[in-house]
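J.: Protein chains in written order, with my numbering: chain A, 14 to 201; chain B, 5 to 480; chain C, 67 to 567.
Among the hints, a few may not be true.
Said to hold, decoys possible - Computed cross-link-like contacts, SDA-like style, restricted to lysine to any residue with a CA-CA straight-line distance of at most 20 angstroms: (1) B/Lys224 - A/Asp51; (2) C/Lys398 - A/Trp118; (3) B/Lys224 - A/Glu47; (4) C/Lys398 - A/Asn109; (5) B/Lys224 - A/Glu41; (6) B/Lys209 - A/Leu147; (7) B/Lys69 - B/Leu142; (8) A/Lys113 - C/Phe319; (9) C/Lys359 - B/Ile77; (10) B/Lys209 - A/His152; (11) C/Lys359 - B/Ile417; (12) C/Lys398 - A/Pro107; (13) C/Lys359 - B/Ala414; (14) B/Lys209 - A/Asn159; (15) B/Lys209 - A/Asn162; (16) B/Lys206 - A/Asn159; (17) B/Lys224 - A/Pro148; (18) B/Lys224 - A/Gly53; (19) B/Lys224 - A/Gly146; (20) B/Lys69 - C/Val472; (21) B/Lys224 - A/Ser38; (22) B/Lys69 - C/Ser469; (23) A/Lys113 - C/Asp413; (24) B/Lys209 - A/Pro148; (25) A/Lys113 - C/Glu397; (26) A/Lys55 - A/Glu173; (27) A/Lys55 - A/Ala44; (28) B/Lys69 - C/Arg470; (29) B/Lys209 - B/Leu439; (30) A/Lys113 - C/Pro320; (31) B/Lys311 - B/Phe382.
Note that these hints are calculated values from the structure, not bench results. Predicted model, so just to flag it, every value in this text is computed and none were measured.
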Amino acid sequence: MSSVAIRTGTATPDNVYGLVAQFGSVEEIMAASERVRDAGYKRTDAYTPFPVEGLDDALGMQPTRLGWVVLAAGITGGLGGFLLQWWANTTYFPLNIGGKPLNSWPNFIVIMYELTILFSAFTAGLFMIFRNGLPRPYHSIFNTPNFENASRDKFFLCIESRDPQFDIVGTRAFLESLAPERISEVEL
Amino acid sequence: MAVTTTKGPLAETNRVIGRGQTYGTIDDVVLQPVLTDVMRTPRWWWIGFTISLAFLTMYLVSVIKLITTGIGIFGNNIPVAWGMPIVNFVWWIGIGHAGTLISAALLLFRQPWRTTINRFAEAMTIFAVVCAGLYPILHLGRPWVFYWLLPYPNTYGLFPQFRSPLDWDLFAIGTYASVSVLFWFIGLIPDMATLRDRSKTKFQKLLYGLLCLGWNGSTKAWQRYQRAYLLLAALSFPLVLSVHSTIAMDFAVAQLPGWNNTIMPPYFVAGAVFAGFAMVLILAVPLRRAFGLEQLITKRHLDNAAKLMLATGMIVVYGYFVEVFIAWYSGVEFERFMIWSRMFGDHGQFFWALIFCNFVAIQPLWFRRVRQSPLALFVISLIVSVGMWLERFVIIIVSLTKDFLLSSWADYISTFWDWSLFIGSMGLFSTLFFLFIRLLPAIATAETKETAYHDSHHGSDAFETIRADYYSEVRP
Amino acid sequence: MSESTLRIGLVLPDVMGTYGDGGNALILRQRARMRGLDAEIVEITLDDEVPESLDVYTLGGAEDNAQRIATRHLQRYPGLQRAAEAGRPVLAICAAIQVLGHWYETSAGERVAGISMLDLTTSPREARAIGELVTTPVLGGLSQPLSGFENHRGGTLLGPDAAPLAKVTRGVGNGVGVNAYLLRGSASPAGGAADIQTTSRTHQLVTTQTHHALEGTGEARHIVRSGTLAEFKDEPEHPHFAHPVAHHNEDLFPDFVYEGYKWGMVIDQTVCTGCNACVVACQSENNIPIVGKSEVARGREMHWLRVDSYYGGSIDDPTFYAQPMPCQHCEKAPCEPVCPVGATVHDSEGLNVMVYNRCVGTRYCSNNCPFKVRRFNWLQYAELSTTATEMSLANNPDVTVRSRGVMEKCTYCTQRISRARIEAANEDRRIADGEVVTACQAACPTQAIVFGDLNDPTSQVNRVKASPINYTLLDELQVFPRTSYLAKVTNPNPTLVEGHS
Numbered sequence: 014m015s016s017v018a019i020r021t022g023t024a025t026p027d028n029v030y031g032l033v034a035q036f037g038s039v040e041e042i043m044a045a046s047e048r049v050r051d052a053g054y055k056r057t058d059a060y061t062p063f064p065v066e067g068l069d070d071a072l073g074m075q076p077t078r079l080g081w082v083v084l085a086a087g088i089t090g091g092l093g094g095f096l097l098q099w100w101a102n103t104t105y106f107p108l109n110i111g112g113k114p115l116n117s118w119p120n121f122i123v124i125m126y127e128l129t130i131l132f133s134a135f136t137a138g139l140f141m142i143f144r145n146g147l148p149r150p151y152h153s154i155f156n157t158p159n160f161e162n163a164s165r166d167k168f169f170l171c172i173e174s175r176d177p178q179f180d181i182v183g184t185r186a187f188l189e190s191l192a193p194e195r196i197s198e199v200e201l
Numbered sequence: 005m006a007v008t009t010t011k012g013p014l015a016e017t018n019r020v021i022g023r024g025q026t027y028g029t030i031d032d033v034v035l036q037p038v039l040t041d042v043m044r045t046p047r048w049w050w051i052g053f054t055i056s057l058a059f060l061t062m063y064l065v066s067v068i069k070l071i072t073t074g075i076g077i078f079g080n081n082i083p084v085a086w087g088m089p090i091v092n093f094v095w096w097i098g099i100g101h102a103g104t105l106i107s108a109a110l111l112l113f114r115q116p117w118r119t120t121i122n123r124f125a126e127a128m129t130i131f132a133v134v135c136a137g138l139y140p141i142l143h144l145g146r147p148w149v150f151y152w153l154l155p156y157p158n159t160y161g162l163f164p165q166f167r168s169p170l171d172w173d174l175f176a177i178g179t180y181a182s183v184s185v186l187f188w189f190i191g192l193i194p195d196m197a198t199l200r201d202r203s204k205t206k207f208q209k210l211l212y213g214l215l216c217l218g219w220n221g222s223t224k225a226w227q228r229y230q231r232a233y234l235l236l237a238a239l240s241f242p243l244v245l246s247v248h249s250t251i252a253m254d255f256a257v258a259q260l261p262g263w264n265n266t267i268m269p270p271y272f273v274a275g276a277v278f279a280g281f282a283m284v285l286i287l288a289v290p291l292r293r294a295f296g297l298e299q300l301i302t303k304r305h306l307d308n309a310a311k312l313m314l315a316t317g318m319i320v321v322y323g324y325f326v327e328v329f330i331a332w333y334s335g336v337e338f339e340r341f342m343i344w345s346r347m348f349g350d351h352g353q354f355f356w357a358l359i360f361c362n363f364v365a366i367q368p369l370w371f372r373r374v375r376q377s378p379l380a381l382f383v384i385s386l387i388v389s390v391g392m393w394l395e396r397f398v399i400i401i402v403s404l405t406k407d408f409l410l411s412s413w414a415d416y417i418s419t420f421w422d423w424s425l426f427i428g429s430m431g432l433f434s435t436l437f438f439l440f441i442r443l444l445p446a447i448a449t450a451e452t453k454e455t456a457y458h459d460s461h462h463g464s465d466a467f468e469t470i471r472a473d474y475y476s477e478v479r480p
Numbered sequence: 067m068s069e070s071t072l073r074i075g076l077v078l079p080d081v082m083g084t085y086g087d088g089g090n091a092l093i094l095r096q097r098a099r100m101r102g103l104d105a106e107i108v109e110i111t112l113d114d115e116v117p118e119s120l121d122v123y124t125l126g127g128a129e130d131n132a133q134r135i136a137t138r139h140l141q142r143y144p145g146l147q148r149a150a151e152a153g154r155p156v157l158a159i160c161a162a163i164q165v166l167g168h169w170y171e172t173s174a175g176e177r178v179a180g181i182s183m184l185d186l187t188t189s190p191r192e193a194r195a196i197g198e199l200v201t202t203p204v205l206g207g208l209s210q211p212l213s214g215f216e217n218h219r220g221g222t223l224l225g226p227d228a229a230p231l232a233k234v235t236r237g238v239g240n241g242v243g244v245n246a247y248l249l250r251g252s253a254s255p256a257g258g259a260a261d262i263q264t265t266s267r268t269h270q271l272v273t274t275q276t277h278h279a280l281e282g283t284g285e286a287r288h289i290v291r292s293g294t295l296a297e298f299k300d301e302p303e304h305p306h307f308a309h310p311v312a313h314h315n316e317d318l319f320p321d322f323v324y325e326g327y328k329w330g331m332v333i334d335q336t337v338c339t340g341c342n343a344c345v346v347a348c349q350s351e352n353n354i355p356i357v358g359k360s361e362v363a364r365g366r367e368m369h370w371l372r373v374d375s376y377y378g379g380s381i382d383d384p385t386f387y388a389q390p391m392p393c394q395h396c397e398k399a400p401c402e403p404v405c406p407v408g409a410t411v412h413d414s415e416g417l418n419v420m421v422y423n424r425c426v427g428t429r430y431c432s433n434n435c436p437f438k439v440r441r442f443n444w445l446q447y448a449e450l451s452t453t454a455t456e457m458s459l460a461n462n463p464d465v466t467v468r469s470r471g472v473m474e475k476c477t478y479c480t481q482r483i484s485r486a487r488i489e490a491a492n493e494d495r496r497i498a499d500g501e502v503v504t505a506c507q508a509a510c511p512t513q514a515i516v517f518g519d520l521n522d523p524t525s526q527v528n529r530v531k532a533s534p535i536n537y538t539l540l541d542e543l544q545v546f547p548r549t550s551y552l553a554k555v556t557n558p559n560p561t562l563v564e565g566h567s
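In isolation and in its complexed conformation, chain A is listed as follows (with noise of 0.2 angstroms):
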């Protein structure tokens, strides 16, 4: 590969976060990603309106291991939630309540439930939010020109210039054959 520096707009070797390519429809960017992670690409990342069923796949990620932390998180809330009831009612306050023995665990299932459901919810959402880096003021890829629209009805395809097979001549020839609507550099 050449080492000449194909300069497009202010991106240059040393400050380029990687290339861009903008996609018009789901079917184009499946294929494309599925050829990018054929062809060895690790550090990619598509872009999208919307989520698409197969996209994550299609470009070889791990899955997450959200659902683990929600459960964890889900029985820790559960039997927290039976062991506060029953230590206060047995141990540390125990009190003659109309006649109900102290460890009256039928009416201490309800709040164990709803507990259950409380941590595991808010461990699910918080979870994904910070594990996705947000809240993020700045990400490089909205350097990308036209990204307005991968909110609305473009799919962008990005491969880092972090990853190890990356090559501002080499990778940006690959991408052209998978036919997209346009190419850009994007600076970090």
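Since the structure of chain A is already known, use the hints to place chains B and C on it.
T.: Same frame as chain A, now just chains B and C:
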């Protein structure tokens, strides 16, 4: 079947999404009301908002009067210690359930038609829960110490009394409110990103940019997002069932005849979905006309909502029948008298009114023409809302007027403040809803685009049915 | 002077004309003339004797000294009194009323004699009454409301021979009560003949309780159990009238055991007369607030102990039953598990304890109480004051005064139990039977209420509860009340019984 000409956005359609909708047109029609300049807000919105604010003021005045004078301003007494505030509380909480059902349950059951109605239905849920959730605080004799129900060690290390259904309510409603807000917010993130990208003014861009947390539509992010969303839906569905069951436990756990009934939890949940869908229709019918959303919130949606309303309504009627049967079958004098008195006693007129509203008035929904008529649905939904209020009234108040000892029997007469707080709370709801439709997209655009993609590319049997003539196109 | 001339006497316009009340005479004359009657005003000044032959007299208001002058003149020339006795109408406004009465008190506190033409006295009120006045006439023959303006410091008290013109509906009037002197005066103290007619008006009568029929659903609830002595003699071990339904007690969980003191109460319905002395005693002992007519109309009376009244038999020939209803202090109290903050708990001696300062006022406990003995402070009924006031001196210092928004109920006079316990502990002994007497028990003239320690085998309450006619209310609910009742045993004269239809 026959092809139709779609004469622009006012044409009605039976499809889940109108033919010819693209991602771009979806964006445009949904986001346009949000992005317009303040000065160009349509006049109907200003009128509605002002009226809502007037009722909200009535609410605030009532609340101040209530807290300064005491709950004696209501019509409560001994034995009817719970009156209209609790009736209204249960009514509002019930209404909220349809939103979560649409968002969560319909997702789990893979119903694609949920995507255009889930956003405003979830908003309806949150606002209804706000209106409802204020009542258990306001109806307290000493509302300023409501926080003693929270699980923390108070003076002498005293925790709340966890066996009480009212404390369960705190956890249930607290969880419901916060999880609904979380779910709603997460659903909004991609739409906030779209709004950020479509913003015309700097202020809008800043506002929506902050709200979307920097979302960029990355597939890795979508992957986690989809998992989280699915989990939240899977959690919200049992949550919504448990919330109204917990409210029903407020009554089922008591030993009062008319309250002490194991049918309460499922009966209340069905009633909640019933009332909730009525409210969804009350909101959907004018909303789609006001914003020209008939191609997105189509007759198919109205039809399906009406079917759900009919189904849950019939479950509620079954509940009435069970109550009567069990009271008789139990052989317990208190129960038998209560059910007889409910139907033929002093307050019998409320019972028969509610049979009319909840049973008779929904029978027209068996007919497709009625189910696909926005006006008919609007009227029936109003009647159902009244009917569900009457049902709460009959269960809660009428049961209390005549309980075990004859000497305790007394009537309940509502006061001006009972009504002003109730009607004021409707002002709170409508104020929030008007703000919502002005500042946030009333339809989940990202999810709708996904539906549009499936619609145009897969033609799966979610969209076509065996009876193709049923879902034939309607000539406008 | 023709016979058809209406002669209106304007009495003392020179001294009793301060407020322009002479206008009444002018109006009267004008209205008479409008009706085609000849009318003239005859002014009676301080220079004139008061004639007794005029047709109508009007007098107006004046300040203090002028009233004295007028009184002396009217005493000297009693023409007005004689005319009134002859049946001539007299319109007296303001100060003129008090001059016509027995005496009136000036704002300086001096009592001035009037001419005693009207049976009334006048004293100054705390505050001046000024404002619009609207009244409903009680004097026969008048139907329209009368309106006007009032500006007076004096309040007039009517004697038995005087009657009011109208009842004030808007303004500063007495407002309370009805003038019974219309029916009985000093002339006929036992009441005279009266005609009863319905009017179109309504008046709200308020009571805490009406009588409840025990027929039908009432009988099936077995609230008041009653039998004759003959029936009791027939079944001395287990009379069916006291135990109509058998109940099984089975529980999944073990009961709490009450060692130490175990308080209980029995109420004997045979000797209870329904006199309500217990209710009054409880109210005084426990600082129970008075809530007033409008709140009682709403069903918010605060009686911790009430006497329920029932009748059996037909409405034409009823048998009356009185049943005092205090808190039953159920061992498995349904009110306790439903309180979200634990403001009502069970103590180690079996009392259902109400913790006022923990109560947030959800009122779920009241909903779950089958006896509805719990009372709620819907408004600020008790006087809010941190310093001593007149009313606060009437309060029992041993009992908390409750604020708005908290629930309250019978406590088995826990303050008396507490005092006895302290004394007994100081003397290193157990509380003896009879040492704790609840307020209701103390006041009962027939000693129908017995209270004591169920763990004391020799206590009176144990002896009485051992009776075969001892029963608890609503036993099918299995709340195990500590308060029980003895069924009412009657011994009717057989000839009276036969006379009953």
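J.: Take a quick look at whether C/Lys359 and B/Ile77 sit within 20 angstroms of each other, Cα to Cα.
T.: Given pair C/Lys359, B/Ile77 holds - Cα atoms ~15 angstroms apart, limit 20 angstroms.
J.: Hinted pair, alpha-carbon criterion (20 angstroms max): A/Lys113, C/Pro320. Please report holds or violated.
T.: Within the cut-off at roughly 9 angstroms; holds.
J.: Is it true that the CA of A/Lys113 sits at most 20 angstroms from the CA of C/Glu397?
T.: holds (10 angstroms)
J.: Compare the distance between the alpha carbons of A/Lys55 and A/Glu173 with 20 angstroms, and conclude whether the hinted pair is satisfied.
T.: Answer holds: A/Lys55 to A/Glu173 is near 9 angstroms, not above 20 angstroms.
J.: Between the alpha carbons of C/Lys359 and B/Ile417, is the straight-line distance 20 angstroms or under?
T.: holds (16 angstroms)
J.: Next pair to validate is B/Lys69 with B/Leu142; report whether the Cα-Cα distance is within 20 angstroms.
T.: holds (11 angstroms)
J.: Going straight from one Cα to the other, do B/Lys69 and C/Ser469 come out at no more than 20 angstroms?
T.: Distance ~17 angstroms between B/Lys69 and C/Ser469 Cα, so the pair holds.
J.: Quick one, are B/Lys224 and A/Glu47 close enough, alpha carbons at most 20 angstroms?
T.: holds (15 angstroms)
J.: Do the alpha carbons of B/Lys224 and A/Ser38 lie within 20 angstroms of each other, as the hint requires?
T.: Within the cut-off at roughly 19 angstroms; holds.
J.: Run the distance test for B/Lys224 versus A/Pro148: straight-line Cα separation, threshold 20 angstroms.
T.: Given that 20 angstroms is the threshold and the Cα spacing comes to 15 angstroms, the pair holds.
J.: What's the verdict on B/Lys209 and A/Asn159, does the C-alpha distance respect the 20 angstroms limit or exceed it?
T.: The given pair, whose Cα atoms are some 16 angstroms apart, holds under the 20 angstroms limit.
J.: For the pair we were handed, B/Lys224 and A/Gly53, check the Cα-Cα distance against 20 angstroms.
T.: Roughly 18 angstroms between the alpha carbons, so the hint for B/Lys224 and A/Gly53 holds.
When the structure is compared with the earlier hints, no violation turns up for any of them.
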